[in-house]
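Q: Those protein sequences? They're chains X and W, same order as listed.
The first sequence begins at 1451 in the working numbering and counts up by one.
The second sequence begins at 106 in the working numbering and counts up by one.
Keep in mind that the hints were calculated from the coordinates and are not lab data.
Fair warning: this is a prediction, and the values are worked out from it, not measured in the lab.
It is possible that some hints are incorrect.
[Said to hold, decoys possible] Restricting the straight-line Cα-Cα distance to at most 30 Å, the calculated cross-link-like pairs of lysine-lysine (DSS-like) are:
no.	chain 1	residue 1	chain 2	residue 2
1	X	Lys1593	X	Lys1574
2	W	Lys259	X	Lys1575
3	W	Lys259	X	Lys1539
4	X	Lys1481	W	Lys259
5	X	Lys1574	X	Lys1543
6	W	Lys109	X	Lys1543
7	X	Lys1575	X	Lys1593
8	W	Lys109	X	Lys1574
[Unchecked claim] On the chain W side, residues computed to face chain X include the following (Cβ under 8 Å):
no.	residue
9	His134
10	Ser137
11	Trp159
12	Asn266
13	Gly268
14	Val269
15	Gly271
16	Arg276
17	Val278
The beta carbon of each residue, even a glycine, is placed where N, CA and C say it ideally should be.
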Amino acid sequence: MTSTHDAPAGTDNAAHAVKIAVSGVHKTFSKAGEDVHVLDDVDLDIREGEFLAIVGPSGCGKSTLLNCMAGFETLTSGRITIDGEPVRKPSPKRVFVFQETGIFPWFSVWDNIGFGLGKMSFDKKHEIVMRYIELVGLQGFEKAFPAELSGGMKQRVEFARALAVEPDVLYLDEPFGALDAFTRIEMRREIVRIWQTTGKTCVLVTHDVEEAVELADRVAVMTRRPATIQEVLDNPLPRPRDPDDRGFRDIKERIFDILGVERRV
Amino acid sequence: MTGKLQTLLLGCVGFGLFVGLWWIATLGHSVSDPPSPPLTFTALLEIAASGELWSNTIASVFRVAWGFVLAAAVGIPFGIALGWYDPLRRAFNPLVQCLRPISPIAWMPVTVLVIGNGYVLNGDDESAIALIFLSSFFPIVTASNSAVNSIDRKFLRSSQNFGVGGLDMLRRVILPAAMPQILTGLRLALGISWVVVVAAEMIGVQHGLGFQVNIARQQLRYDHVGAAMVVIAVIGLLLDSFMARLERATLARRGMLSR
Ligand SMILES: Nc1ncnc2c1ncn2[C@@H]1O[C@H](COP(=O)(O)OP(=O)(O)OP(=O)(O)O)[C@@H](O)[C@H]1O
Ligand SMILES: [Mg+2]
């Protein structure tokens, strides 16, 4: 499989080939003799280069589904393939971005971003690390430790660390959940920009419907536990998107309808 | 600056009160009574001048250093292994938790009997070192075990995600993540060691601060007992602040102090 190593593919030429195929996935956790049936026959196709969001009520199994796609959890039954290959274990080809930042507090920004690069000459590594530091706009902070950075900056480091290994797929599990409202807006814009310049396939999990509509090409709506994908909505709105826009509000409305949520307070 | 001065002054209040009460309670006492502060101070100068103080201090610190370093050298890897391999933890942790609450003093007859014969070092050194080893080994194992066991899953998953596993993961993720808690365990263990060494030196040894306390008691020189106690306190404080400093320096080097 060719990846996007040298020439990041633009979004416009994204082929509609299926990148990740989830079919008939069941997941049951057994804890203290009690079975928790979380995923119930989930089917979902994720296309090469698209930005797909998964929304659903809290605790319905969104993170579980993402963990299965990343290879962190094993399936009870069903099948998940990426480029036709079954997912068996985690791989740098598909990188997970954690809700509370998963960067290592004991490493500097530079060491964090270079974490997954393996053995290579210092000069080569430095070149790559600096390229991604620049991509996320953290020039001058390469020697800083995470404790010295703001929440948004830590998230940038995490994105850079993920991108530096040139994955095909980014899994984003509520990556903005821990950020304040202003930083969240800024980071959403940032992730769209990164996605547009690198052409990765992005899978975002969120319980924020507005966030999903703002970012994604398609929105998959999950039901309560045991969860399945209820519907996948197309979101053809042009970017940049305005939440006050008519079309934006319509899509949001439809998602809330599917979720069965009365959102007026 | 004023804050520091204030802390210092307030810290002296406790000492001042203690010394004052001690003084009043021991007014007019002689060297064979519980000693007053001035008597203790004079005794301190005496044992320092005679050289007893130094040789005994060195003997105690030597034993603690050996016992503690050995316990750390064995206990940290063992604790990490327990925290990492679930079968190993299930096999050995119950045993460790069972042996841990046994007071090191209760081990004393055993260590004296088993290794008190002086194969390598002086006989009394060996059994004291073994006792220090036992008393710091269990806290160090427990701290290292729980440090590794409680590492945030997202760090482990990140590491796997980037294809970093095995020894590389141990060095770059597990050790640094567990380090703060291991250091806390070491500091605790060193404190216990110092308490235990003095007790261990009360029986069957010819050197050490515990020996000094005991011999002074037998000679009814309670002023010397008091002086030895002051020295024990000061060295205990020095050891603890040394560990605290090491702890802070290690964390600061990794930028983890301001968490
Ligand atoms: N390792 C596990 N063992 C047992 N049960 C688990 C485990 N992981 C998740 N669960 C259960 O699975 C269900 C779904 O969890 P999951 O984290 O996937 O939900 P989520 O949709 O991501 O929720 P949220 O929006 O709150 O993040 C929960 O009820 C949870 O208790
Ligand atoms: Mg979740």
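Q: Give a verdict on every hint.
A: Going down the list of hints, with the structure as the test:
1. X:Lys1593 with X:Lys1574: Holds, because 18 Å separates the two Cα atoms, which is no more than 30 Å.
2. W:Lys259 with X:Lys1575: Within the cut-off at roughly 24 Å; holds.
3. W:Lys259 with X:Lys1539: holds, 15 Å
4. X:Lys1481 with W:Lys259: holds, 20 Å
5. X:Lys1574 with X:Lys1543: Given pair X:Lys1574, X:Lys1543 holds - Cα atoms ~20 Å apart, limit 30 Å.
6. W:Lys109 with X:Lys1543: violated, 53 Å
7. X:Lys1575 with X:Lys1593: Given that 30 Å is the threshold and the Cα spacing comes to 15 Å, the pair holds.
8. W:Lys109 with X:Lys1574: violated, 48 Å
9. His134: violated, 54 Å
10. Ser137: violated, 57 Å
11. Trp159: It is violated, given that the least Cβ distance between W:Trp159 and chain X is near 41 Å, above 8 Å.
12. Asn266: Since the shortest Cβ distance to chain X is 5 Å, the answer is holds.
13. Gly268: holds, 5 Å
14. Val269: Because about 7 Å separates W:Val269 from the closest Cβ in chain X, which is inside the 8 Å limit, the hint holds.
15. Gly271: This hint is violated: W:Gly271 lies away from chain X, its Cβ roughly 13 Å from the closest one there, beyond 8 Å.
16. Arg276: Violated, because the Cβ-Cβ distance from W:Arg276 to chain X comes to roughly 11 Å (cut-off 8 Å).
17. Val278: This interface hint holds because 7 Å falls under the 8 Å limit.
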